[in-house]
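A.B. asks: Sequence:
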Amino acid sequence: MGNKLLYGSLCFSCIIHFALFAYLSISRQKVIHNKPLKQIEVTYQTIKSKKNSSPKQFRQKLKIFKKKETLDNSPRITKKHSHFPFRGKDVKDITKLSNQLSSKEKLTSRIQKLDRGQKITVPLLKAEKISNPKYLSYNQTIRYKIKQRAYLYIDHPDFKAGEVYLTFILTSDGDLKRIKIIEEKTTANSYLRSVGLRSIQESSPFASFPKDLNYPELTFNVVISFEVND
Numbered sequence: 068m069g070n071k072l073l074y075g076s077l078c079f080s081c082i083i084h085f086a087l088f089a090y091l092s093i094s095r096q097k098v099i100h101n102k103p104l105k106q107i108e109v110t111y112q113t114i115k116s117k118k119n120s121s122p123k124q125f126r127q128k129l130k131i132f133k134k135k136e137t138l139d140n141s142p143r144i145t146k147k148h149s150h151f152p153f154r155g156k157d158v159k160d161i162t163k164l165s166n167q168l169s170s171k172e173k174l175t176s177r178i179q180k181l182d183r184g185q186k187i188t189v190p191l192l193k194a195e196k197i198s199n200p201k202y203l204s205y206n207q208t209i210r211y212k213i214k215q216r217a218y219l220y221i222d223h224p225d226f227k228a229g230e231v232y233l234t235f236i237l238t239s240d241g242d243l244k245r246i247k248i249i250e251e252k253t254t255a256n257s258y259l260r261s262v263g264l265r266s267i268q269e270s271s272p273f274a275s276f277p278k279d280l281n282y283p284e285l286t287f288n289v290v291i292s293f294e295v296n297d
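Per the numbering used here, residue 68 is the first one in the sequence shown, and the count goes up by one each step.
You may find that some hints are simply not true.
Derived DSS-like pairs (lysine-lysine); straight-line CA-CA distance at most 27 Å [claimed, not checked]: (1) Lys193 with Lys247; (2) Lys214 with Lys196; (3) Lys244 with Lys201; (4) Lys186 with Lys214; (5) Lys227 with Lys252; (6) Lys212 with Lys247; (7) Lys252 with Lys212; (8) Lys252 with Lys278; (9) Lys252 with Lys193.
Hint data in this document are derived by calculation from the structure and do not stem from the laboratory.
Work out the full structure: start from the sequences and follow the hints.
C.D. replies: Here it is in structure tokens:
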């Protein structure tokens, strides 16, 4: 009797649980079906792919990049670089550079400035009989020095075309011993004659004679030619 009662209770409990489970399942399905569905809108966007740069554009970009890199690496002038090196010495004021120019540099600058319509030459005379290479080289050296000195007097209203022939004697030490204008060959005004004499006198002393010219003194003949280009 007791077993039957226990068995009946278990069966009743199972039926109640099954019915409850079935009811809950059906109720949930109704709720899901009755619930309105949300619409999902899908929009597709077109993705533009980047065009590959042409070789020409690539080279231009590379050139700009290299130029920028060069500028970034270039040295920058600071206060520490305020000194200007000149012949191994520092010159703090650039205006002092002109005071350090040698006389030769000043003379060259003057020649370049003034030698526009006027010209001075001291050519080798064809009448020279000495063919010693040492003598010819020394002769060229003194002629060049005379011409450089004559250019100091080119900027003058009396500078005209003409030729001044001169003869002078130098000692072996290069000192000027005597000088004279050859009048019969000279075709120049008084100003050019004065320039010819002063060019030789102010160029003295010249360099000493080379060892191969073993003479106590030598006579040199030169012609200073003054030209004016109209």
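A.B. asks: Please go over all the hints and tell whether each is borne out by the structure.
C.D. replies: Okay, the hints, checked on the actual structure:
1. Lys193 with Lys247: Measuring from Cα to Cα gives roughly 20 Å; hence the hint holds.
2. Lys214 with Lys196: holds (22 Å)
3. Lys244 with Lys201: Distance of about 21 Å is within 27 Å: holds.
4. Lys186 with Lys214: holds (10 Å)
5. Lys227 with Lys252: Status holds; Cα separation ~17 Å.
6. Lys212 with Lys247: holds (18 Å)
7. Lys252 with Lys212: Distance ~22 Å between Lys252 and Lys212 Cα, so the pair holds.
8. Lys252 with Lys278: Given that 27 Å is the threshold and the Cα spacing comes to 33 Å, the pair is violated.
9. Lys252 with Lys193: Within the cut-off at roughly 14 Å; holds.
Hint 8 alone, counting from the list given before, is not met by this structure.
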